[in-house]
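**Student:** Chain residues, written in single-letter form:
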Amino acid sequence: MFPTPDVRGRFGRFGGRYVPETLIPALDELAAAFDEATADEAFQARLDETLRTFVGRPSLLTLAENLTERSGGARIWLKREDLNHTGAHKINNTVGQVLLAKRMGKTRIIAETGAGQHGVATATACARFDLPCVVYMGEEDVRRQSLNVFRMRLLGAEVRPVASGTRTLKDATNEAIRDWVTNVHDTFYVIGSVVGPDPYPRIVRDLQSVIGFETMDQLEERTGRRVPDAVVACVGGGSNAIGIFAPFAYLPEGERPRLIGVEAAGRGLDSGAHAAPVAVGKTGVLHGAFMHLLSDEDGQITPAHSVSAGLDYPGVGPEHSYLFESGRAEYVSVTDREALDAFGLLSRTEGIVPALESSHAIAYATELASTMPRDAELVVNLSGRGDKDVSEVQRLLDEEAA
Amino acid sequence: MTGPARGQARVRAAFDAARRDDRAAFLPYLTGGWPDREAFLRHARTLLRHADLLEVGLPFSDPLGDGPTIQRSSEEALRAGVRTAHVLDQVRELRSETDTPIVIMTYANPIVCYAHGGERGFVRDLAAAGADGAILPDLPPEEAGDLIEASREHDLATVFLAAPTSTEARMRTVTEASRGFVYAVSVTGVTGMRDAASDAVPDLVRRLRATSDLPVVVGFGVGNAATASPVAAVADGVAVGSAVIRRIAEGGDLEALAAEIAGACRR
Ligand SMILES: Cc1ncc(COP(=O)(O)O)c(C=O)c1O
Numbered sequence: 001m002f003p004t005p006d007v008r009g010r011f012g013r014f015g016g017r018y019v020p021e022t023l024i025p026a027l028d029e030l031a032a033a034f035d036e037a038t039a040d041e042a043f044q045a046r047l048d049e050t051l052r053t054f055v056g057r058p059s060l061l062t063l064a065e066n067l068t069e070r071s072g073g074a075r076i077w078l079k080r081e082d083l084n085h086t087g088a089h090k091i092n093n094t095v096g097q098v099l100l101a102k103r104m105g106k107t108r109i110i111a112e113t114g115a116g117q118h119g120v121a122t123a124t125a126c127a128r129f130d131l132p133c134v135v136y137m138g139e140e141d142v143r144r145q146s147l148n149v150f151r152m153r154l155l156g157a158e159v160r161p162v163a164s165g166t167r168t169l170k171d172a173t174n175e176a177i178r179d180w181v182t183n184v185h186d187t188f189y190v191i192g193s194v195v196g197p198d199p200y201p202r203i204v205r206d207l208q209s210v211i212g213f214e215t216m217d218q219l220e221e222r223t224g225r226r227v228p229d230a231v232v233a234c235v236g237g238g239s240n241a242i243g244i245f246a247p248f249a250y251l252p253e254g255e256r257p258r259l260i261g262v263e264a265a266g267r268g269l270d271s272g273a274h275a276a277p278v279a280v281g282k283t284g285v286l287h288g289a290f291m292h293l294l295s296d297e298d299g300q301i302t303p304a305h306s307v308s309a310g311l312d313y314p315g316v317g318p319e320h321s322y323l324f325e326s327g328r329a330e331y332v333s334v335t336d337r338e339a340l341d342a343f344g345l346l347s348r349t350e351g352i353v354p355a356l357e358s359s360h361a362i363a364y365a366t367e368l369a370s371t372m373p374r375d376a377e378l379v380v381n382l383s384g385r386g387d388k389d390v391s392e393v394q395r396l397l398d399e400e401a402a
Numbered sequence: 403m404t405g406p407a408r409g410q411a412r413v414r415a416a417f418d419a420a421r422r423d424d425r426a427a428f429l430p431y432l433t434g435g436w437p438d439r440e441a442f443l444r445h446a447r448t449l450l451r452h453a454d455l456l457e458v459g460l461p462f463s464d465p466l467g468d469g470p471t472i473q474r475s476s477e478e479a480l481r482a483g484v485r486t487a488h489v490l491d492q493v494r495e496l497r498s499e500t501d502t503p504i505v506i507m508t509y510a511n512p513i514v515c516y517a518h519g520g521e522r523g524f525v526r527d528l529a530a531a532g533a534d535g536a537i538l539p540d541l542p543p544e545e546a547g548d549l550i551e552a553s554r555e556h557d558l559a560t561v562f563l564a565a566p567t568s569t570e571a572r573m574r575t576v577t578e579a580s581r582g583f584v585y586a587v588s589v590t591g592v593t594g595m596r597d598a599a600s601d602a603v604p605d606l607v608r609r610l611r612a613t614s615d616l617p618v619v620v621g622f623g624v625g626n627a628a629t630a631s632p633v634a635a636v637a638d639g640v641a642v643g644s645a646v647i648r649r650i651a652e653g654g655d656l657e658a659l660a661a662e663i664a665g666a667c668r669r
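If you read the protein sequences in the order shown, they are chains A and B. Going by our numbering, 380 is the number at position 380 of the first sequence; the sequence numbering is gapless. In short: position in the second sequence from 1, add 402, done, that's our numbering.
Some clues are possibly wrong.
[Said to hold, decoys possible] Derived coverage of chain A by chain B (criterion: at least 3 residues anywhere in the stretch with Cβ under 8 Å from a Cβ of chain B; other residues may be distant):
| # | region |
| --- | --- |
| 1 | 6 to 20 |
| 2 | 24 to 37 |
| 3 | 160 to 171 |
| 4 | 237 to 247 |
[Unchecked claim] Just a few of them, taken from the derived set where beta-carbon distance is under 8 Å, the chain B residues facing chain A:
| # | residue |
| --- | --- |
| 5 | Gly483 |
| 6 | Glu495 |
| 7 | Ser498 |
| 8 | Glu545 |
| 9 | Arg669 |
Keep in mind the hints are simulated off the structure, nothing from the lab. Only a predicted model underlies this, so the values are computations on that prediction, with no experimental measurement involved. Where is the CB? At the ideal position from N, CA and C, for every residue including glycine.
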């Protein structure tokens with residue numbers, strides 16, 4: 001559908017397959033099955049129907065009138081992935097991958113999760129399509145996100161706490177890969193972002209690109225223009241951002257809008273406590289792909305930090321690394337503080353409580369809009385709703401007040 | 403051994419010597435710098451009394467090919483401050499004491515991010531320290547261009563892995579890129595001890611032999627005489643990691659374990 005990656009699974013110099021040999025045949029099988037499914041009208045019809053009648057697509061494109069007024073610049077449009085079933089864009093990917101697993105005859109699903117959003121979305125798809133589901137989650141995240149652990153169990157999934165390393169998302173991902181290496185004959189690994197070995201980054205991109213294609217159609221209907229002036233999205237692993245960027249990213253120079261990925265600056269880029277690998281500029285290999293990542297001088301992965309658990313990942317998908325290096329997209333970062341302010345701002349001005357992840361995009365978009373002319377169009381991917389974050393934000397605000 | 407063989411020649415000579423004795427080579431593994439520098443050197447010397455080749459792990463923060471035992475030793479080593487340079491120093495120290503081949507086992511990122519010149523610099527410094535090659539479980543031949551080229555330049559062994567899931571075409575890719583020996587993963591899974599030798603081993607070894615003349619080492623899941631002897635009967639080498647680490651972690655008799663497995667390697 002899109003021009004990259006190449007035959008070796010590379011986006012420019014990024015991507016590839018840095019995995020144990022055991023998995024190479026499984027990745028070949030997965031790539032072939034995905035290409036077949038993509039070309040199969042019956043499969044696509046089933047996926048479309050699921051997106052329509054189960055996920056709730058198309059998601060709305062909402063003009064944020066009050067926020068636009070306040071910014072005094074470009075019109076700010078919100079692509080409402082928060083309105084999807086389970087409250088975020090993650091489900092676009094999980095229903096697609098679980099349907100693919102069924103088509104391949106796999107009988108067991110595994111997934112990793114950080115905050116629990118991808119775990120919940122996977123457990124939901126597994127319940128809907130009747131497959132057993134095991135979700136790996138770092139012990140630290142199990143403690144911090146107990147409500148999502150309960151949601152996953154309610155949906156029939158088994159949540160396995162991971163005690164190794166930093167006990168967070170990256171370690172849960174290692175453990176999911178170990179499970180896959182062990183049970184590769186019957187197990188399908190549903191990865192949660194545009195990361196991992198080829199073909200995962202392109203599978204997740206293609207499944208999430210529905211966000212960008214809908215945006216094109218909806219914007220045209222509302223403004224007569226298919227292509228806005230700027231698109232802004234937060235970047236953890238990078239799936240919601242790639243989802244909305246993809247249809248625009250490979251337009252010729254001059255027709256392409258500004259594409260801006262917002263990484264989490266945490267307590268500040270200088271503090272060392274952040275999740276902004278592109279901003280730091282170091283490249284290496286994590287979870288099967290060559291990409292921007294956080295690591296020390298010896299190539300040991302260093303822990304990420306963000307107030308939003310969904311951005312708390314020390315790498316970024318290889319296609320983002322490529323879009324950055326080729327100048328097709330720009331990457332900026334927003335601190336915990338700025339994201340928390342945007343969380344409150346959107347809630348008060350538009351009556352929409354955004355996920356803390358999406359609040360990073362809102363924070364940057366609000367600033368950017370004010371520098372753009374009033375007849376410009378700016379689309380923000382509102383990747384999820386903030387219900388999951390309200391108690392954490394309350395705790396943080398109480399802590400500040402005290 | 404004639405002359406001061408080093409690198410892949412030293413590795414090949416070790417397998418030739420074992421074959422002449424009618425036994426499989428014994429390849430124990432130790433996590434570099436673990437439990438601490440002195441204990442590592444002590445354990446390495448114990449193992450070297452029985453080993454045909456020593457595998458030294460360069461610990462990585464995210465060892466996705468390893469089971470809990472080796473994971474824990476890697477974590478402990480990193481927490482104790484073990485750095486890449488320390489492990490290279492320890493190899494250098496062992497090399498001054500032994501002619502047994504030493505091969506480094508690590509993951510892609512520590513070498514891709516190696517501060518003194520990435521993969522090429524790493525191979526150069528590895529050779530300078532007296533190591534004879536590298537094994538990287540998450541680096542298939544397609545991604546190993548720089549490592550292979552630099553290793554050829556320094557005449558070091560490059561060991562790639564084959565798995566029970568590997569097709570004939572994959573086995574050819576893996577053996578063509580390998581020098582010194584090829585590593586057959588006995589099970590689909592991660593490192594760690596298992597109760598019985600995998601029954602996939604004979605077929606895996608046979609298929610690899612049909613593709614190349616390289617010595618075939620079998621690892622993953624071998625941890626005592628009972629699991630080592632059936633492997634030694636068909637393969638050229640037996641790699642043992644988790645059992646060694648566990649024996650040390652439990653404060654047990656490492657010499658006895660090494661002697662037991664080396665004994666089981668005799669045909
Ligand atoms: C609402 C929301 N937005 C964004 C993300 C970050 O992931 P990605 O960068 O893959 O979109 C997450 C991850 O959990 C999320 O829940």
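**Student:** Hints first: check each against the structure and report whether it holds.
**Tutor:** Consistency of the hints with the structure:
1. 6 to 20: Per the Cβ count (6), the hint holds.
2. 24 to 37: Answer holds; 3 residues pass the 8 Å Cβ test.
3. 160 to 171: holds (count 4)
4. 237 to 247: violated (count 0)
5. Gly483: Violated, because the Cβ-Cβ distance from B/Gly483 to chain A comes to roughly 11 Å (cut-off 8 Å).
6. Glu495: Where the cut-off is 8 Å and the nearest Cβ of chain A is about 19 Å from B/Glu495, the hint is violated.
7. Ser498: Check failed: Cβ of B/Ser498 comes no nearer than 24 Å to chain A, outside 8 Å.
8. Glu545: 5 Å, holds
9. Arg669: Since chain A brings no Cβ nearer than about 27 Å to B/Arg669, farther than 8 Å, the hint is violated.
The structure does not agree with the numbered hints 4, 5, 6, 7 and 9 stated previously, though it agrees with the rest.
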